[in-house]
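Protein chains in written order, with the numbering used here: chain A, 32 to 214; chain B, -15 to 365; chain C, 2 to 351.
Because the hints were derived from the structure by calculation, they are not lab data.
Watch out, some of these pointers could steer you wrong.
Heads up, simulated SDA-like pairs for lysine to any residue below, C-alpha to C-alpha not over 25 Å straight-line [to be verified]:
#1 C/Lys259 with B/Ala59
#2 C/Lys171 with C/Pro199
#3 C/Lys259 with B/Lys364
#4 B/Lys364 with C/Val101
#5 B/Lys1 with A/Arg127
#6 B/Lys(-2) with B/Glu(-13)
#7 C/Lys171 with C/Ser113
Estimated spans, in silico, between C-beta atoms of each pair [as the list claims (entries may be wrong)]:
#8 C/Asp150 with B/Glu24: 32 to 38 Å
#9 B/Asp172 with C/Tyr128: 24 to 30 Å
#10 C/Glu324 with B/Asp5: 56 to 62 Å
#11 C/Gly99 with A/Asp97: 27 to 33 Å
Using N, Cα and C, we set each Cβ at its ideal position, and we do this for glycine too.
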Amino acid sequence: MSDQTQTDTGLPGKFMQQMVSLDYRVLASPLQQRFDAGMRAGRITGHKCPVCSRVYVPPKGYCPLDTVATTEEHEVDVGDEGIVTSFTVLTPIQYRGQRERQPYALASLLLDGASSTVGQQRIAGPIEDVRTGMRVRAAWKPEAERTAEVSAMAQWGIGKAIEHWEPTGDPDAARDHYAEHIL
Amino acid sequence: MAERCAVVGIGQTKHAKVREDLSMAGLVREAALRALEDAEMTFADIDAVVVGKAPDPFEGVMMPELYLADALGGAGKPVMRVHTAGSVGGSTAVLATHLVQSGQFERVLTVAFEKQSEGDTTWGLGGGRSGSVGAGGYFAPHIRAYIERSNAPEHIGWMVAVKDRKNALKNPYAHLHMENLTLEMVRDSPMVWEPVRRFESCPTSDGAAAMVLGSERVGDASSTPVAWVHATAVRSELGQFPGRDPVSPRGGHDCAADVYKQAGISDPIRDVDVLECYVPFSWYEPMWMENLGYAVEGTGWKLTEDGETDFGGSIPTNVSGGVLSSNPIGASGMLRFLEAALQVRGMAGEHQVDGARTAVGHAYGGAAQFFAMWVVRDTKP
Amino acid sequence: MRDVAVVAFAQSPSRPEVETTETQMLFPIITEAIEQSGIERRDIGFWVSGSCDYLAGAPFAFVSNLEATGAWPPIPESHVEMDGAWALYEAYTRLQHGDVDTALVFCSGLSSRSDLRETLAVQLDPYYLMPLWPDHISLAALQARAFLDHNGATERDMAEVAARSLRSAKDNPNAQVSGDHTAEELLGADYLVEPLRPHDCPPVSDAAAAVVLAVGDRARAVCSRPAWIRGIDTRTDPHSPGVRDLAVSPSTRLAGEKAGVHSGPVEVAELAAPFTHQELIVREALGLGDDVEINPSGGALAANPIMVSGLIRIGEAFRQINERGRNRVIAHATSGPCLQQNLVCVLEGE
Chain A
32 MSDQTQTDTG LPGKFMQQMV SLDYRVLASP LQQRFDAGMR AGRITGHKCP
82 VCSRVYVPPK GYCPLDTVAT TEEHEVDVGD EGIVTSFTVL TPIQYRGQRE
132 RQPYALASLL LDGASSTVGQ QRIAGPIEDV RTGMRVRAAW KPEAERTAEV
182 SAMAQWGIGK AIEHWEPTGD PDAARDHYAE HIL
Chain B
-15 MAERCAVVGI GQTKHAKVRE DLSMAGLVRE AALRALEDAE MTFADIDAVV
35 VGKAPDPFEG VMMPELYLAD ALGGAGKPVM RVHTAGSVGG STAVLATHLV
85 QSGQFERVLT VAFEKQSEGD TTWGLGGGRS GSVGAGGYFA PHIRAYIERS
135 NAPEHIGWMV AVKDRKNALK NPYAHLHMEN LTLEMVRDSP MVWEPVRRFE
185 SCPTSDGAAA MVLGSERVGD ASSTPVAWVH ATAVRSELGQ FPGRDPVSPR
235 GGHDCAADVY KQAGISDPIR DVDVLECYVP FSWYEPMWME NLGYAVEGTG
285 WKLTEDGETD FGGSIPTNVS GGVLSSNPIG ASGMLRFLEA ALQVRGMAGE
335 HQVDGARTAV GHAYGGAAQF FAMWVVRDTK P
Chain C
2 MRDVAVVAFA QSPSRPEVET TETQMLFPII TEAIEQSGIE RRDIGFWVSG
52 SCDYLAGAPF AFVSNLEATG AWPPIPESHV EMDGAWALYE AYTRLQHGDV
102 DTALVFCSGL SSRSDLRETL AVQLDPYYLM PLWPDHISLA ALQARAFLDH
152 NGATERDMAE VAARSLRSAK DNPNAQVSGD HTAEELLGAD YLVEPLRPHD
202 CPPVSDAAAA VVLAVGDRAR AVCSRPAWIR GIDTRTDPHS PGVRDLAVSP
252 STRLAGEKAG VHSGPVEVAE LAAPFTHQEL IVREALGLGD DVEINPSGGA
302 LAANPIMVSG LIRIGEAFRQ INERGRNRVI AHATSGPCLQ QNLVCVLEGE
């Protein structure tokens, strides 16, 4: 129960706080480990489906549209530049465990060479400048500081090797270039 | 041919931010007992129980139907628990309907709930980790995309927010009873997930919804009017892939087409008297108007602007106050379904739409990827 | 009622720890079940799965698993937060409608990712039971004590169940643990939680499974020997271990009656009891005599992927009919503390 719902009604039978804590081990699958190794070396990789040629970043180990498995032999590199296809500016809700304090912009990015977007990427610079179609480039962390992102679910973001994304100053991408990739 | 299914009892809790007066068992029983009373039955009359709710971590109880079996008279009976994210209240009702239509059971109690005050919903919606964008943060870019595509004026979102809260005042069970909410107040409320403002967003609620579904024989024996189920459908689609349209998902469109076909609806605006659809952020009203076939692409917002989605309009929508006024997530889908049933039974009290004979209930969840719908009427299929 | 049959079954080998994601584990299993069934993926009329967010350690965990289905174009699909056996129950119900003839049921679980003795305590009444953190092994031990006192059965009887299960599991490449042990040998181990020893308890397993169902002539067209579901039922007992007699399982008995277990001879029974004493309780509840072959797969004592064990029993029952020429097999699934909820399915060859 969060601080927002704590009550003292003066009635008998008030709520008692009970913190339920469970520990889970989150394993990086072999696929994830290989992707993370690439990220630490400054490479963003994906898998290219042998049937439809779509490139999934990060790789899933399958193409969900053709339901075929993909492996290392389908691995391709994609650029560390791309287009903002959608975004929002968040005023962070202060739930327990939340570490964010100030508003920030998160965007979905279509990286050069990828077919799927990478979600929830931080965009640096003035929030009011963030717009769909804007071209951005990864600001990589120093190599020594790049750590793996291990996710228990389908990929969220592409890891902690990239600090954030910066506008490149290049002209915005034409709308029809990314219209199919709003997510 | 499937057995006919009637909605013979409906109940819900008074939804609120915190129902500190009830445990989870008490919450579901408040709704279930009201539904049973409406159906003139007791727990002993029930053959099977179907429970629905959103993720277990919202309350911190794993598989709560086990704990709640006693509270819902489940001992000695089949007890099922459906979980399809936000659409769950709807898909739960769909399973319950099928248990009757299959001829397996004559009287099924179905309950959907969420007691969000006992957990932390934003943490839960974020998969239990820091940096969660919450549901609004996920949907905000889709809303922006809709506004850009349709060139809708910015006040549409405010209008929906005002309309649904105004109508909630006619629904004693609704969580939010915001007297005198104006367009300006919505416009000036803090931005939470740009472009979505606080007053354009649903509350977080504790609440439960329940229905008693019966066979044709049970429906015929009812002393109060019943709602007959004419159609049910569910659809799921991948949440993210190149080329996906998250603004008007095909799954929603296909789900609607399926129920309309089953129910013989060829012109939704003309054939449907009341729509209860899942609008947790105000802009979803015009978006669903288009996705569900009430408006041509790009024009859904005009229905809102012209007052067509309010009482007296061509497609009264969410006259119960909708999700914008009460959002116990697991129950919200079932609330849409049961409000549709209340309308065609003529039992919606102050928020009754006169002459409502065909009503549609709709629920969605996940990355706007899970859909559940039904069509109910005052006559048998 | 329409005649519904199991026409295909696929499972991943149960392992102590699978290193891929749950979705990656599930992906080839669904594909295998579809290929085995001979039905086109696009023709499947209804999809439904079973899994548990708390097992995965993430709310909405089941959403990722949707990718393993290839849900595009959109599919009619549902999900229960229960073992796959109950997802199959929903599919069976759906197929009665008459508008679709095929369904695919799948389930998965990575039990290895948390300490089940903590996690499963969250499956209890949050006000009165969970705050005491009673783990599932201790609760099972309470039940075992009640059973031994009630029934006159002995710890040796329980050890025999384990020995038989592990021996049978040697022939099952999907089982996790197997071997030749005598009851004597097993009884030599120290108690884990008295009166339970390690052999009385299930292994912790990760696995996925999928079953394809088809109706009537469609089933006959795609499968040489379908396993027809002649009866299927599920019942529930009160939740708290303190308010019921743990030595008996009324919900199993009732589900068995409703499913019609004894409307014919039972040749084989696949029972999902994860504790040795629970197998004895379930056998008694279902009235299974010594002439019934119990758990040729090794049962849940040889592999216990939570959320999957029940569906595996139905799948193994299908294999007894489809591959081993049996005629009448029952399958059982269980959920909740101390056999609170049970499902019984009666399958027959034609």
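Right, here's what the structure says about each hint:
Among the hinted pairs, C/Lys259 with B/Ala59 is consistent with the structure: their alpha-carbon atoms are about 15 Å apart, no more than 25 Å. Straight-line distance between C-alpha atoms of C/Lys171 and C/Pro199 comes to about 19 Å, which keeps the hinted pair within the 25 Å bound. Note on C/Lys259 and B/Lys364: the hinted pairing is violated, with a Cα-Cα distance of about 30 Å set against a maximum of 25 Å. In summary, the hint linking B/Lys364 to C/Val101 is supported, as the alpha carbons are separated by about 22 Å, within the 25 Å threshold.
Distance restraint check for B/Lys1 and A/Arg127: the Cα-Cα separation of roughly 18 Å lies within the 25 Å cut-off, and the hinted pair is therefore satisfied. Restraint check for B/Lys(-2) and B/Glu(-13): the C-alpha separation of about 33 Å exceeds 25 Å, so the hint is violated. The hinted pair formed by C/Lys171 and C/Ser113 meets the criterion: a straight-line CA distance of about 22 Å does not exceed 25 Å. Judged by the Cβ atoms, the range 32 to 38 Å given for C/Asp150 and B/Glu24 is violated: they are separated by roughly 45 Å.
For B/Asp172 paired with C/Tyr128, a C-beta distance near 42 Å fails the hint of 24 to 30 Å. A hinted range of 56 to 62 Å holds for the C-beta pair C/Glu324 and B/Asp5, which are about 58 Å apart. Between C/Gly99 and A/Asp97 the CB atoms are about 32 Å apart, so this pair conforms to the stated range of 27 to 33 Å.
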